[in-house]
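Which chain is which? The protein sequence lines are A and B, in order.
Residue numbering for the first sequence follows numbering that gives the first Met the number 0, starting at 0 and increasing by one per position.
Residue numbering for the second sequence follows numbering that gives the first Met the number 0, starting at 0 and increasing by one per position.
Read the hints as simulated data drawn from the structure, not as lab findings.
Just so you know, even glycine gets a beta-carbon here, dropped at the ideal spot from N, CA and C.
Hints should not be assumed to be uniformly reliable.
[Unchecked claim] Listed next, the stretches of chain A that the computed footprint assigns to chain B, with coverage defined by at least 3 CB atoms under 8 angstroms from CB atoms of chain B:
# : segment
1 : 182-191
2 : 219-228
3 : 272-282
Protein chains: 2
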Amino acid sequence: MIQTPYLLFLGDAPDQLAAKVAQGVRDWRPDNAVGQFRMEGCGADLGLPDMDLAAARAAGAKTLVIGVANRGGVISAAWKKVLVAALEEGFDLASGLHNRLRDEPDLLAVAEATGQALHDVRVPEVSYPIANGVKRAGKRVLTVGTDCSVGKMYTSLALDRAMRARGMTSTFRATGQTGILVTGDGVPLDAVVADFMAGSVEWLTPENDADHWDVIEGQGSLFHVSYSGVTMALMHGGQPDALILCHEPTRPHMRGLPDYAVPSLEALRDLALPVARIANPACVVAGVAVNTQAMDEQAARDYLAKLEDSMALPATDPYRFGAEALAEALGTM
Amino acid sequence: MIQTPYLLFLGDAPDQLAAKVAQGVRDWRPDNAVGQFRMEGCGADLGLPDMDLAAARAAGAKTLVIGVANRGGVISAAWKKVLVAALEEGFDLASGLHNRLRDEPDLLAVAEATGQALHDVRVPEVSYPIANGVKRAGKRVLTVGTDCSVGKMYTSLALDRAMRARGMTSTFRATGQTGILVTGDGVPLDAVVADFMAGSVEWLTPENDADHWDVIEGQGSLFHVSYSGVTMALMHGGQPDALILCHEPTRPHMRGLPDYAVPSLEALRDLALPVARIANPACVVAGVAVNTQAMDEQAARDYLAKLEDSMALPATDPYRFGAEALAEALGTM
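Please put together the full structure from these sequences, using the hints given.
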């Protein structure tokens, strides 16, 4: 568990896109973001107060989050100076970089000397159990996609927010690096050893109050041959009561797999439901979330209306039109 | 890849069952088994020549395989003496023990000094790629089970043997510890990191001659919530042309999951086939393998005959009645 709130380190990010993890924290957990730390030449700006380390400490920040991709895959000397100073000032460090903080001998040595924590969120920090399949109290909803990268994390975060706005109790459960940095907690599922995948999802979504919802961030797709095993572990470890089907209708083929067509939402429903019902016979499909980015507004509204009709389910683009229809559907369960 | 042939180390195994990995090598790859090494008090006997290290070296043995469960989870001082001597004599060591050879400082030091290899087959030795889903030449058959531990490895080994006996070219592809020690090669799939599971199966079953069959050892079950993600990676990484359904009809519930009923063979077929066809649209179910151990011979024959009739597939108990019917079905593909 990463200590919040954060000082968001933007380093020398060339542009806003390079800072998209920090942007995710800013958008979805603004209370976690005390300020931003920008270096000379930084081209990103989250609209947060610029702070140095001392000011951020005074404002209560506990962890410096590296919310930016680093250039050339190395942690530069310029970054190092800030990171070491942050440890010395009493910050923990958290990172979703491919190269790990703990593989940097100087950072490791200073962290050990100061007693501060280094969180590499691509690496599991917990010894997960083997899944036991025992039915847990509380409710769970899982986002499942026709493909990878169709908006499952965004849909999950938007749904969690919409459910809270309706007065429902819910918790977003992160299963990827960005989601973990946004919330400070979660399971980096793609880095978990095979035998413990489903168990890590059970661990992440424990027994809870009967009316509490876990909103579980999906990964991969049952139809994506590279990652379908990860998706399967979410279906069975999460034992969802409800699925939200996620889709991007203009994609020419499965991501990274030019020979594989993207399945229809109906095909996803027809495979995902029997798979989910192995773990939870009461599971239903509660709605559809579509990334309509490539359509003009009228085309998007027409597409969603047609889907609602043909699938008899609420359908929305959570980014463009909000997730309320999905939250409402879950509210009746 | 483990160097063959082997000297099979039975240590002080209390009984035959404790030596079941060694028994597997003896039964399925007799050419790999030069002899057995038994210590004082050993209660197991594979019917192989008893050899000391020098005799086994003279007979060509390259690796000492620890084909036995160790008592109390520790590698005893008595074992150590033999293992160190084996390294000094020029043997590699291979083990499927839970406690790893490389975690023993003395074995590690001697192995480094002598240049011999330590193979812990529960630990991946390869950096597997992410699966790319590209269609590969050659044919593949995968065993899938209604549950874990219903005879998938045994069925795969028996099928491989029956196919060779018919003059077909085939390779047994091990995905678990016992299978890896039997053949000297394979992927310890349950220990692979999630993102690389399907890629490790692609790596294990590469492009081959058009008429060559890989017989892929299945793991887990699509219906076993603890391990279904591992099974899924086999379905999609292996892109099988044919599935053999494996079943144990007298089991009261899924292994280790008292609240989960074992599915019917029809339910397995109806889920496994659409899943497999995502990676290989031409995939078919080629036959059924049943563990009839708990039935008398007439009951077993009646059960299999009924299955053949109701499922319109060849059905056999490969241990009791041979795998020829399954090999014959694949021979027509």
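Structure-based check of all given hints:
1. 182-191: holds (count 4)
2. 219-228: holds (count 7)
3. 272-282: holds (count 4)
Checked against the numbered hints above, the structure breaks none of them.
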